[in-house]
Amino acid sequence: MPSSRNRARLLAAALAVSVSALAIGLLAGPRAEAEEEGMSIPPVADATVQAECSACHMAFPAALLPARSWRALMAGLDDHFGENAGLDPATTAKITDYLVANAADAGGHRSPVLRGLGPDDVPLRISETPWWERQHRGEVSPSAFKDPRVGSKANCVACHRDAARGFFGDD
Amino acid sequence: MRLPTILLAVTLVATAGLALAASPVRQAILDGYAKEAGVAAFSAERGKAFFEASHAGGKPETPSCTTCHGMDPRMPGRTRAGKAIEPMAVSANPKRFTDSAFVEKWFKRNCDSVLGRPCSAAEKGDLIAYLSSL
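Top line first, the protein sequences correspond to chains A and B.
Numbered by full-length UniProt numbering, the letters in the first sequence go through residues 1 to 171 in order.
Numbered by full-length UniProt numbering, the letters in the second sequence go through residues 1 to 134 in order.
Calculated from the structure, these hints are not laboratory results.
Errors might be hidden in some of the hints.
Using 30 angstroms as the maximum straight-line C-alpha spacing, the simulated DSS-like pairs for lysine-lysine come out as follows [stated by the list, open to error]:
| hint | chain 1 | residue 1 | chain 2 | residue 2 |
| --- | --- | --- | --- | --- |
| 1 | B | LYS35 | A | LYS153 |
| 2 | A | LYS153 | B | LYS108 |
| 3 | A | LYS146 | B | LYS83 |
| 4 | B | LYS35 | B | LYS83 |
| 5 | B | LYS105 | A | LYS94 |
| 6 | B | LYS48 | A | LYS94 |
| 7 | B | LYS108 | A | LYS94 |
| 8 | A | LYS153 | B | LYS105 |
| 9 | B | LYS83 | B | LYS59 |
| 10 | B | LYS83 | B | LYS108 |
Over the 12 angstroms line for every Cβ pair with chain B, so calculated as not near, a few chain A residues [unchecked claim]:
| hint | residue |
| --- | --- |
| 11 | ALA34 |
| 12 | ASP46 |
| 13 | THR96 |
| 14 | GLY108 |
| 15 | LEU117 |
| 16 | GLY118 |
| 17 | SER141 |
| 18 | SER143 |
| 19 | LYS153 |
Heads up, the beta-carbon is just placed ideally off N, CA and C, and yes, glycines get one too.
Here chain B stands alone, though its shape is the one from the complex (with noise of 0.2 angstroms):
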């Protein structure tokens, strides 16, 4: 083989395993869910309701995760004061649920803002798996 086709072959091989090495840590946060709702796997179809819905019970600024995160979570969202949110779907943003830490403490803001209340282990886990499955 030629240096650049070893180097290219390098290349495919690292991005490989750093894609892959991103998923366990999003695998482990849904398993986490799933212990805690008692749910053998979640439902992409499920989480897209939940994500397009219009909710009552939480702040009238906020009615919807599509508030501010748009339509379709490929594209980058926008927050209320104007400034982007980067794409909430794991094909467009690979870093989106690989830090448990920041999931919850978005979770922890957003279900409160747009739903008045946490969201249950299901909820999350629904969502995670329709924005993973874009």
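With the rest of the complex left out, here is chain A (with noise of 0.2 angstroms):
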């Protein structure tokens, strides 16, 4: 039986839990909060980058990462995590603008995507960001990306069946 100091001391922090979670999606807003649990990311919308980007992996929404990580990207596609994915300069220009129009930050947007990024961070894998840490840490253990089923981290729909579609919420 816990002592009543103790049940006071989990009270208390139930309670900073609730407070904080409301003052996030009382500040940040209601948007803020389905990004943060990935339950409504915006599908690629366009034509050639969900044909391009989707060769090989699912087009990744745009607004999983910064700008500035999708221009570094698309600036080193001829070694691509150890392939050589190189388009025609002007189809990677075309891609680049989407990607850079959509990207988390796009319009001064203050995205829960981009919550623990530093201004100088430039990830270039989006399970490299702390918003992905924050939503697979303690829910999916590490040996379950090395499942032949799945082989990456970047297999996305192998768990979010609705990924595609912009879903990435618990599966």
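The task is to assemble the complex, starting from two chains supplied on their own in separate frames and drawing on the hints.
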């Protein structure tokens, strides 16, 4: 049986958690809350981006990385995580423009996807962002990503069946 | 002839026509590589050896065509990110080698990834000969 002091501490901690959750909800609004939970991330809506960026993996939503990440990534397609994914300059420019225009920080939006990311951090993998870590830590064991049916952290659809439609909520 | 028989015959002829219509494009791609390489014919056997070999000089993540395409080209492959790749064998996937821009795009990427250099016209022709022979 917890002592009454412990019980008070637990209550205070629970209250603090609820208050901060409420504060995040109130301050950042429902859009931010949904984004934090990965519930409604707009899928890629451009045909070229969709076709080219889904050849080897799902076309990851632009809103999951800041513009600086997309620029760096698109500037290095000839060595894209150990593979040449090069495209002609015109297609590369078109895709970069779309990703930058729809990035997590596009239009000055303070997406919760960027929370924990320093202004000079340039993550090249979505799975390297503090947001991705928050969402998977404690919920998915590291060995799950080595399961042959999953194979890679880039294989969102292995667990998030509706990822291609923008729903990355808990499955 | 009864109607179902006629329909069946029409379908068969149309299907055969489609298969034939796809092959001239593939043949034109092969002819282009033959001209470039200065050879009269390609070798499916050499293509198979090339497809299955572990090559040096490329990126360490992708030493062979089989890293992603698998040992049996009649079966689907899998990218390193976990996505399925349609079979490379023409018998399993008749769309293969019927779009020269697509073919060149992927040779450019994958030869660099696997070999660290462009593939020669002879290597490309041998590969297509192998993947058409299964």
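Problem - Those earlier numbered hints the structure runs against, lowest number first - result: 1, 4, 6, 19
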